[in-house]
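Following our numbering, the numbering of the sequence shown begins with 1 at its first residue and continues without gaps.
Keep in mind that the hints were calculated from the coordinates and are not lab data.
Be aware that a few hints might be false.
[Unchecked claim] Using C-beta positions, here's what the derived DEER-type ranges look like:
hint, residue 1, residue 2, range
1, A41, A69, 28 to 38 Å
2, D117, A74, 27 to 37 Å
3, L276, G141, 44 to 54 Å
4, G172, P108, 33 to 43 Å
5, K149, Q114, 20 to 30 Å
6, A277, R68, 39 to 49 Å
7, Y282, G28, 17 to 27 Å
8, L276, G28, 50 to 60 Å
Each residue gets a CB set at the ideal place from its N, CA and C atoms; glycine is no exception.
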Amino acid sequence: MRPRLNRWIVALLAVAICAPVGAIHAAGPPHSIVLPPVLVAEAPATLAVLDSTGHLVPGAGVALSDGRAIKTDATGRARFVVPGRAGELSAQIPGGSIAATAPIEVRPPAAEIQVTDFPAVIDARDQFTISGARFAGDADGNQVSLGGKAALVLAASPAALVLLPAPDTPLGPGELRVEGNGTAPAPMAVTVVSVEAINPAGPLRIGVAATLIVRVSGTNQPLDLDLGNWTPGVIKMLGQAGGAAAGGAAQSDPNVRRVRSSGGAENEARIEIVPLAAGKFYVRARLAGRRP
């Protein structure tokens, strides 16, 4: 069975307004490319191709900006060697607009594995990135665990890894461990959380505001969350209900709202939505700073 990112993806709320909810099926064709955020000149690297529901897509052709053509293997990932000078490298699905770009840096090899940046709070169902040195550019050459569970390496370079927690990663305080291409660094303390979107209570009516709840599990600390409205023709998102909303640029987009959870035992945020038309609507909740 091929890996499925949507088993672990952040909370995606699907609700019908005056209509039953149908199943969400995998689209199959490529939808996005995941590159490590930094590439290292003349070093191996790994990218991944995902479909619209987060399946890793095997056998997907990818054109690199230096003229090479590569194809994802049975795991939905492809390995390549980065060009030998600083600049940028783009990867694109031929014949379409699906693309990703990452900078190329010239770096001397490090003597041991270093982790210079990592998220202190990690969503158990979402991708996260760590930065450093001497990671294996071949994704399978890295062994990364979160809360004692092996994380999936989606994309890799010696300078950065893009990772996905295992579906059974425990919530709460835990350790992030990185091993593989040299002496391992000390474990890093992190907190693993989940973000759950909860349907508005009762029937929804066009033009009548309802309350959508986003609940955080795994920590009692308040967190900033970004909510993305994927169906602006069906609903409109208003401001946060009950409490001050988090600030930031996310508020400039009417289809993205930043909220702050309350903290405490019921660590949640509430936001008002207004149905505009009959149909299913989709709201995606993520830790702030990630594209909703």
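Problem set entry | Consistency of beta-carbon spacing, Q114 to K149, with hint 20 to 30 Å | holds, 23 Å
Exercise. Would you say the C-beta atoms of L276 and G141 sit inside 44 to 54 Å of each other?
Worked result: holds, 49 Å
Problem set entry | Status of the given 27 to 37 Å range, CB of A74 versus CB of D117 | holds, 31 Å
For this session: Could you see if the CB distance from L276 to G28 stays within 50 to 60 Å?
Result: Cβ of L276 to Cβ of G28: about 30 Å, so the range 50 to 60 Å is violated.
For this session: Starting from the range 33 to 43 Å, see whether the pair G172 and P108 falls in it by beta-carbon distance.
Result: Since the Cβ atoms of G172 and P108 sit about 39 Å apart, the hinted range of 33 to 43 Å holds.
Exercise. Can the suggested window of 28 to 38 Å be confirmed for the beta-carbon pair A41 and A69?
Worked result: violated, 21 Å
Exercise. Is 17 to 27 Å right for how far apart the beta carbons of Y282 and G28 are?
Worked result: holds, 19 Å
Exercise. In this structure, is the beta-carbon distance linking A277 and R68 contained in 39 to 49 Å?
Worked result: holds, 46 Å
In summary, the structure is inconsistent with hints 1, 8 from the numbered list given earlier, while agreeing with the others.
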